[in-house]
Amino acid sequence: NAGVTQTPKFQVLKTGQSMTLQCAQDMNHEYMSWYRQDPGMGLRLIHYSVGAGITDQGEVPNGYNVSRSTTEDFPLRLLSAAPSQTSVYFCASSRGQGQETQYFGPGTRLLVL
Amino acid sequence: KNQVEQSPQSLIILEGKNCTLQCNYTVSPFSNLRWYKQDTGRGPVSLTIMTFSENTKSNGRYTATLDADTKQSSLHITASQLSDSASYICVLNDYKLSFGAGTTVTVRA
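Protein sequence lines, in the order shown, are assigned to chains Y and H. Position 2, counted from 1, in the first sequence is what the numbering used here calls 2; the numbers after and before it change by one each time, with no gaps. Position 17, counted from 1, in the second sequence is what the numbering used here calls 1017; the numbers after and before it change by one each time, with no gaps.
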């Protein structure tokens, strides 16, 4: 049982490039989400999904797209990278929202030059 | 303004000593409040969860308390160990999660 996995661990992009951050979980969780973590700030929700085929925007969705074609996978796409997207990105999953415990992946550190 | 404010931003303690971290919040009531531990380079891991009506919850050497009157939660670490060096994040759930910025704890031998 690997839990929540994320790839890559590190990535350097040039402004304007696009890329996809991968996230997968093997716990059969319905709820998955993407956060970014910046110095001195709390985790901020980018997008989330309550099940396969259903996604919704979080607090800071601009510049990011997601899809949820399977229960296991929840990729995050950066359409045209900007320096403001330099951050650490965490994917999380849980059985549901509310009282359910969220399990976080190890994170992807992204630097946009 | 963030609904969850944590203090101090960072602290250094000697191994074996106790410490207390603070979390002040503005939303009341709420569904639950969690404390997470985040080791360097890793994702957060849940330590404790308290509902609005609970006052205290323990997980080994970690004890979280909740004071609804002052809108404060504390996380007390007893007999600190080097492995306690991490960031500790307070998270409020009022059907939307609000994350504090965290307190970085460094335990020195």
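Some hints could be false.
Said to hold, decoys possible - With beta-carbon atoms standing in for the labels, derived distance ranges:
1) H/His1076 to Y/Thr101: 29 to 35 angstroms
2) H/Ile1012 to Y/Asp73: 36 to 42 angstroms
3) Y/Ala52 to H/Ala1068: 27 to 33 angstroms
4) H/Ile1012 to Y/Lys14: 36 to 42 angstroms
5) Y/Lys14 to H/Arg1061: 23 to 29 angstroms
6) H/Ser1083 to Y/Asn62: 37 to 43 angstroms
7) Y/Gln17 to H/Thr1056: 46 to 52 angstroms
8) Y/Lys14 to H/Asn1055: 51 to 57 angstroms
Unchecked claim - Simulated coverage check for chain H against chain Y, where a stretch passes if three residues somewhere in it have a Cβ under 8 angstroms from a Cβ of chain Y:
9) 1067–1080
10) 1092–1100
Calculated from the structure, these hints are not laboratory results. Nothing here was measured: the structure is a model prediction, and the numbers come from that model. Glycine is no exception: its CB is placed at the ideal position from the N, C-alpha and C atoms.
Do the hints match the structure? See the list:
At about 21 angstroms, the CB distance of H/His1076 to Y/Thr101 disagrees with the hint of 29 to 35 angstroms. Restraint check, H/Ile1012 to Y/Asp73: a C-beta distance of roughly 41 angstroms satisfies the suggested window 36 to 42 angstroms. The beta-carbon spacing between Y/Ala52 and H/Ala1068, approximately 38 angstroms, falls outside the hinted interval of 27 to 33 angstroms. Between H/Ile1012 and Y/Lys14 the CB atoms are about 39 angstroms apart, so this pair conforms to the stated range of 36 to 42 angstroms.
Checked against the hint of 23 to 29 angstroms, the C-beta distance between Y/Lys14 and H/Arg1061 comes to roughly 46 angstroms, which is inconsistent with it. Look at H/Ser1083 against Y/Asn62: about 39 angstroms separates their beta carbons, and that is inside 37 to 43 angstroms. For the pair Y/Gln17 and H/Thr1056, the beta carbons lie near 49 angstroms from each other, so the given range of 46 to 52 angstroms is met. Y/Lys14 and H/Asn1055 have their C-beta atoms about 52 angstroms apart, which keeps the hinted 51 to 57 angstroms range intact.
Evaluation of the coverage hint for the segment 1067–1080 of chain H: breached, as 0 residues show C-beta separations to chain Y shorter than 8 angstroms, against a requirement of three. With a threshold of 8 angstroms between beta carbons, the proposed coverage of the segment 1092–1100 of chain H by chain Y holds, since 6 of its residues qualify and at least three are required.
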